[in-house]
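Chains as they are written, first to last, in the working numbering: chain H, 1078 to 1364; chain A, 264 to 463.
Treat the hints as calculated values from the structure; they're not laboratory data.
Among the hints, erroneous ones may be present.
Said to hold, decoys possible - A few chain H positions that, by computed beta-carbon distances, are all more than 12 Å from chain A:
#1 1320
#2 1353
#3 1354
Claimed, not checked - Computed Cβ-Cβ distance ranges for the label pairs, DEER-style:
#4 1335(H) <-> 394(A): 23 to 31 Å
#5 1295(H) <-> 327(A): 39 to 47 Å
#6 295(A) <-> 1305(H): 19 to 27 Å
#7 461(A) <-> 1354(H): 54 to 62 Å
#8 326(A) <-> 1356(H): 46 to 54 Å
#9 1294(H) <-> 364(A): 46 to 54 Å
#10 1299(H) <-> 463(A): 50 to 58 Å
#11 394(A) <-> 1134(H): 46 to 54 Å
To be verified - Coverage of chain A stretches by chain H, computed from C-beta distances (three or more under 8 Å per stretch; other residues unrestricted):
#12 297 to 307
#13 396 to 403
For every residue, glycine included, the Cβ atom is placed at its ideal position computed from N, Cα and C.
Each chain, written out:
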Amino acid sequence: MTVERCSGSVEVVDPGPLSTLQDRGRRGWAHLGVPRAGALDRGAAALARRLVGGGPDDAVIETTVGGVVLRPHRAVTLAVTGATCVVRVDGRAVAHGAPATVPAGVLVSVGPAVTGVRSYVAFAGGIAVAPVLGSRSTDTLAWVGPPRLAAGDLLDLGPTGRLPEPPPAVVVRPREPVLRLRRGPRADWLDRTGWSRLDGASYAVAPDSDRIGLRLIGARLERRGGELASEGIVLGAVQLPPSGQPVVFLADHPTTGGYPVVAVVEDDDIDLCAQLRPGDEVRLRVV
Amino acid sequence: MSDVRVVDVGTRACLVEVDDAVAAASLASWVRAAGLPAEEVVPAARTVLLDGVDRAAVRELVPRWAAQQAVPPSPLVRVAVRYSGPDLARVADHWGCTTDEVVDLHTSLEFTSTFCGFAPGFAYLAGLPDERAVPRLESPRARVAPGSVGLADTWCGVYPTASPGGWLLIGTTDAELWDVDRAEPALLAPGTRVRFEAQQ
Chain H
1078 MTVERCSGSV EVVDPGPLST LQDRGRRGWA HLGVPRAGAL DRGAAALARR
1128 LVGGGPDDAV IETTVGGVVL RPHRAVTLAV TGATCVVRVD GRAVAHGAPA
1178 TVPAGVLVSV GPAVTGVRSY VAFAGGIAVA PVLGSRSTDT LAWVGPPRLA
1228 AGDLLDLGPT GRLPEPPPAV VVRPREPVLR LRRGPRADWL DRTGWSRLDG
1278 ASYAVAPDSD RIGLRLIGAR LERRGGELAS EGIVLGAVQL PPSGQPVVFL
1328 ADHPTTGGYP VVAVVEDDDI DLCAQLRPGD EVRLRVV
Chain A
264 MSDVRVVDVG TRACLVEVDD AVAAASLASW VRAAGLPAEE VVPAARTVLL
314 DGVDRAAVRE LVPRWAAQQA VPPSPLVRVA VRYSGPDLAR VADHWGCTTD
364 EVVDLHTSLE FTSTFCGFAP GFAYLAGLPD ERAVPRLESP RARVAPGSVG
414 LADTWCGVYP TASPGGWLLI GTTDAELWDV DRAEPALLAP GTRVRFEAQQ
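The following block holds chain H by itself, in its conformation from the complex (with noise of 0.2 Å):
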C-alpha cells in the first residue's frame, strides 16, 4: 500500500434523496438542546472506517435509501458499508464492505440499497470539514453541523497515514428483526395489561421514520391520560404519543420531550433501527 500524504477534494455529483456527514456524534451538549447526531448504524460506519484504516472520530458520508454519486479529485481508497447495493467506479463493480482504491478524476457511484437503507462511504484520510461543537455530523433536527450534501459540494480529504493492509470483504449477516426492551421510566404510564402485550408484539415501520425516529404502526397500547412535564430523552427511547404507536427515538431526537417513555431499546439493537425499511414488520421482545 502507497502512503499518501497530499490532502484532496471529493465532489458530490448527486446526493440522492438525503446524505450526510456522521462521525460517532456531538456529545455533551443535550442540556442546551443540541441533539447528538452521528451515524445511525454506529456498527456500520464503523467497519467502513475501519476498512480504509481510518480514526474512530472520522466522518464517513451516510445515504439514505437512494445511494450518492461522488468523484474524487485524487486518488483515494474507500469503502463502502451498511445498506447493501452496488459500488461502481467508473461504470465498474467494486465489492460492497471491502476498500477499493480508485484513481483521481472517476465517478464513484453508491447504489440505491437493495436491502436496508442507510450505506456508508469511508474515504481514507477522513473527510476535513470543520466540526461544531466538537463533530462533523450533521443533525437534521436542528440542524447543528455541516449541511446535507449537495450537487457541486467539495469535501477535503484529510492525509492519510500508513493503509493497512487490504482485509478482506466483510460479510455482515442480517439480524432477525427484533428489538430488546427494557422497561422505560414511564412504563407506568402503561395500562395493567400494556406491558405484557408488548412482548412478542409485531409493529410495521411507518413510512415516515427518519433519523429522528423510527415510527412504528401496531396495536394501539393505551396510556393513562393527564400531562407529563418534559424530561431529557435518551437513544433507543420509546416514547408513547397520544396516538398509542410507538416512535423510537434515534441519533438525532430532540433533547427534551413531554410524551412518556414507556420503554428503552436495548443499545445493541439500535444499529437494526437504522436499516429498517418502511412496512418491514419488527417483533418487540422484553428482557
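Based on these hints, arrange chain A on the given structure of chain H.
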C-alpha cells in the same frame, strides 16, 4: 428538604425526579461540580437526566444533594430589550395593567435559566410569579424572529433562531443567544441568572 427519586432509563442512564425546574437546574449544576462522570446532564421541568453514567454512582451521589440543599453560585447575564413586541398589549390585558407596567415588572424580576429545549440555546427562564401566567397564542406564528422575547405560562424565553412559535412576544433583543463558535454557545445556559433591561 427536597425530595428526590432516581429512576433507571435503560442500562446507562438515570432520571432524577425533583420538585420543580429551579431545583432541577440546581441539581444539574451541583452534579457537574461534583464531577460525576457523565456524557450528558440534562435538566428539564421536574427532572435531571444523567446519561452515560454508572447508575450505582448516581444513586450514591444524588442523595447527598438532597441532604445539603447546595445552591451553586451562578453567573448573572443582563439582556437589553426593546419592549415593542406585538403582544405587549395582550400581556397588559392579562395582567390588568398598562404596557409600561409590564415593562416595569419584567425588568424588576430576576429570572433563572432552568433548562434548554425546543431549539439549541432556547432557555426556559423561571421567575414570573404564578399570578402572572399567560396563555400561548391559539395559533402559533409561522415565524418568530431571532431575539424575540416571549412569555408563556410562567416562563420567559428568548428565541435564539428564527422558528415557529406560540409565545406572547413582548420585545426584541440584539444579544447573541446562540453562537457555536463561542466556548459557551448558549448565552442563557441552565443555571444562569438573567435580568432584562429596557433599551430605548
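*Measuring Cβ to Cβ, find out whether residue 1354(H) lies farther than 12 Å from everything in chain A.*
Its Cβ never comes within 12 Å of chain A, the nearest being 25 Å, so this holds.
*Within 8 Å of chain H (C-beta), three or more residues of the stretch 396 to 403 of chain A*: n = 0 at 8 Å, threshold three: violated.
*residue 461(A) and residue 1354(H), beta-carbon distance inside 54 to 62 Å?*
Roughly 56 Å apart at Cβ, these two residues keep to the hinted range, so it holds.
*asked:* Given the hint of 50 to 58 Å, is the C-beta distance from residue 1299(H) to residue 463(A) inside that range or not?
replied: holds, 56 Å
_Whether the CB-CB distance between residue 394(A) and residue 1134(H) falls inside 46 to 54 Å_ = holds, 51 Å
*asked:* The hint says 19 to 27 Å between residue 295(A) and residue 1305(H); measuring C-beta to C-beta, is that right?
replied: With a Cβ separation near 25 Å, residue 295(A) and residue 1305(H) satisfy 19 to 27 Å, so the hint holds.
*Could you let me know if the closest chain A CB is still more than 12 Å away from the CB of residue 1353(H)?*
holds, 20 Å
*Could you check the hint for me, namely that residue 1295(H) and residue 327(A) are 39 to 47 Å apart, CB to CB?*
The hinted range 39 to 47 Å holds for residue 1295(H) and residue 327(A), with Cβ atoms some 44 Å apart.
*Given a hinted range of 46 to 54 Å, is it respected by the beta-carbon distance of residue 1294(H) and residue 364(A)?*
At 52 Å between Cβs, range holds.
*Please confirm whether residue 1320(H) is truly not at the interface, meaning its C-beta sits more than 12 Å away from all C-beta atoms of chain A.*
holds, 21 Å
*How does the Cβ-Cβ distance of residue 1335(H) and residue 394(A) compare with 23 to 31 Å: does it lie in that range?*
With Cβ atoms ~24 Å apart, the hint holds.
*Checking C-beta pairs, does the stretch 297 to 307 of chain A have three or more residues closer than 8 Å to chain H?*
holds (count 6)
Hint compliance for this structure: hint 13 alone is broken.
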